[in-house]
Amino acid sequence: MQRIRFSYRRGEDLKYLSHLDLLRTLHRAFRRAKYPLLYRGQFNPQPRLDPGIPLPLGVTSAQEYGEVYLDQVEINSFLPGINCQLPRALEIRQASLVPLNDAALMEQINSAHYQVYWDEKADKVSPSEGNLNDALELIKNSTEITVLRQSKKKNKKKKKREKSWKAVNIRPYLYCLEIKPFSSGYLLEMLLQTGNRGGTSPLEIMTKIEEITGLSELKIIANVHRLGLFWYDGKSKHPPSPFRGKINSKSLAEK
Amino acid sequence: MDTQAQKKYIWESLSRVNKPARYVGNEWNVVKKNHEKVDTKVVLAFPEIYEIGMSNLGMRILYQLINQREDALAERVFCPHTDMEKLVSQEGIPLFTLESFSPVKNFPLVGFSLQHELNYINVITMLHLAEIPLYSSQRGEQEPLVMGGGTCVFNPEPLAPYFDCFVLGEGEEVLKEILDRYRECSRSSLSRSDTLLALSGIEGVYVPSFYRENYDAGNKYAGTVPVNEKVPRTVKKRVVKDLENADYPLAPVMPYLEAVHDRAVLEIARGCPRGCRFCQAGMTYRPVRYRSPEHLCRMAQELIDHTGYEELSLVSLSSTDYPFVKPLLEGLSNQFSGEVNFSLPSQRMDAFSVKLAEEVQKRHRSSLTFAPEAGTERLRRVINKNISYREIHQAMEKAFEAGWKSIKLYFMIGLPTETDEDLEGIYILCQELAKSYREKGYSGRLKLSVSVSPMVPKPHTPFQWEPQISLEEMNRKTSLLRRFFSGNRALDLKWHEPEMSYLEAALSRGDRRMAPVLEQAWLKGARLDNWSEYFNLDTWKEAFASQGLSLTDYARRKYLHQEPLPWSHLHTGVKVKFLIREHNRSYQGETSPSCLEDRCAGCGHDYCSS
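Chains as they are written, first to last, in numbering that gives the first Met the number 0: chain G, 0 to 254; chain Z, 0 to 609.
Be aware that a few hints might be false.
[As the list claims (entries may be wrong)] Derived lysine to aspartate or glutamate pairs resembling EDC-like cross-links, with alpha carbons at most 20 Å apart:
#	chain 1	residue 1	chain 2	residue 2
1	Z	Lys18	G	Glu11
2	G	Lys33	G	Glu66
3	Z	Lys397	Z	Glu438
4	G	Lys33	Z	Glu309
5	G	Lys33	Z	Asp304
6	Z	Lys31	G	Asp12
Worth flagging that the hints you see were computed from the coordinates, not collected in a lab. Nothing here was measured: the structure is a model prediction, and the numbers come from that model.
Only chain G is shown next, with the shape it has when bound in the complex (with noise of 0.2 Å):
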């Protein structure tokens, strides 16, 4: 049994499948590849393959990481072989062997880098960079964030999931926030907690942007891309293992 994690790309193309449909696209693209795939669960067996964390619908990523359990295939030929069974904007750029007990994706990874910025979008108006420091200058001087999430709690009773809203302060989740110059305009930098201890996501902080600018669709017209996710220690960010220091990930400025 091997245990291989890679890194890939997600392009435009890709940027409106939610999770499970990448999961699907991938694993069949490994049937296709004839790799060995591992499954789990005897009556239902599933493929022991994670495409990682979550991407939100809508959002480009310049690099995530999944991993595949695999009998036995010959490293080297890992990469041309799925490739060339994936569409051209899912691409899987490094892949290597890990031990099969070395610490979980979701382990190694507590935050998530993002780029927002916006274009001339067929005569939609964008923010103005007053508008938006002075937004910003708000969220980073505020001890609490708050934002109403949408859950679906199980009601034992009634054996039915109800809706209910929550407030919660994600001013805690946020590393990071700043604008910077970028092509003809500006864009927004965020590092943003993510993972099973809490998180936001950039559509939280734009609504919560929109909010203070009184602008109403800058969520809809924003082009958001995740440059990387990290384990952030409070001064650094480290990729996950084996991908330490190797990492170069093309932000927008490139792309």
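Following the hints, position chain Z against chain G.
What follows is chain Z alone, placed relative to chain G:
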């Protein structure tokens, strides 16, 4: 906006709709061709949402057939869901294809796949969003030719004024002829009506504007006749004689979204030998043809290599009747040795079928589905569904023994000569099966789900003359069944919305006068009728009334054998004499043999060898 900017704008707007993956294209095995380099550009339009349409085999066949030609290309479009419809109409984005995001109206040929009457409303939605004039008579020289194919074209009259032509029967051969003829016409710059006339010379092509419906003094339908002396009096469906060598899509486009049938599909046979008297497919797909198991094994390999699907469905109208089913299954399981699961849908309810199912579903023994259709042996004889009480019990015994705990049974209500005893028969049968499961002491709880749906009398079947039962009668029968089933926890009764079947009956046997009703219903807000959350019969009743027509009259109409029918000028190959004989035999409770027996029921099909 220029085209590039428009494409980008559409693309970014997708973040505002549910399941945007329905509209993105770019799937695995998609074919994208340079528009500058081909002569004939076709849109294949499916009037249902993406997840449903992508599972349609006919659409896949045509897609590959057209795209394999160097001089042609085919792109797809599906009916947008209501949120997308709202978005594109607000933003003024004309309906676009998935392959190139080009406006549908820029293609010279637009072919709709008409598989179900309750999709008709979506044709109106799509024509409207495509900005193509709704009626054929309003279309100019630059506008696309709107064509229709599929099972509904055996009575397309309610849609006739919206379409420029219909193609009857199987598309594999006739489509090639249409593309060739169309190419010649456009090269010699023929006018729209001359092109249609040229196309009407191809067997299977029906141009409704060259025909007129007559009505008698009492405003009763009195036959359809040509108004152009060059077109044939009757149009005959096309049949692929050599199924073995017919084109088949072995690298189908794979949706990213989970489609309703998320698996590889291999058509092992076409046509059904059984001759159930209510079944339209059973009549219109005659004669029965098979592919050889050797060829199917080769096709299966290619299909799996190109897709990576983990399940292969071996489809036909009656898979148990495929004569080479044993060697086929043996060949396939040797070939794939556990890498691929197989399924055999549409099985006959007998012990042999269960044995096959046992061999097929080795790992994944989920549920078994059968369609006894009627609750008593008497009524099964009436509809020519020839399975006996004993066969049903033996099949179920075998299924219980093999470990199936979830079984689905399909029944119909409103069949000719049906009485309340027949309905009680449904309950008695199910309850006996549940009882025998209990008494044999099998472990685990049995789940028997029973689905009932009202019969829809369909054109070109022995029941085409029959009225549908009234809505009140459907509701009475359903509640009677619910009363029978209410006490038994092992039995789970589900029923098909009677109101939907009612509209289906009206649309499937309608004439050309009904056409404006569709536009009216659309204007009154009818959308996606096949989805019970959108369906509203009142909207349709109002639309009928606005044209001085009655939905009830169409659904409940009983025709006489000697009367002309709105579809009498369209031929399936089965003789009307045969349908009349079958209709009469049904009332005498007499069964007719299937094509598998030595005796022949005598449908008189032109292409049948016997």
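Structure-based check of all given hints:
A threshold of 20 Å between alpha carbons decides the hint, and for Z/Lys18 with G/Glu11 the separation of about 16 Å falls inside it, so the pair holds. For a cut-off of 20 Å, the pair hint linking G/Lys33 to G/Glu66 stands: about 17 Å separates their Cα positions. Taking the CA atoms of Z/Lys397 and Z/Glu438, the gap is about 15 Å. The hint holds against a cut of 20 Å. Between G/Lys33 and Z/Glu309 the CA atoms are separated by roughly 12 Å; this keeps the pair inside 20 Å, and the hint holds.
The straight-line distance between the Cα atoms of G/Lys33 and Z/Asp304 is roughly 9 Å, inside the 20 Å bound, and the hint therefore holds. In summary, the hint linking Z/Lys31 to G/Asp12 is supported, as the alpha carbons are separated by about 14 Å, within the 20 Å threshold.
Checked against the numbered hints given earlier, the structure satisfies every one of them.
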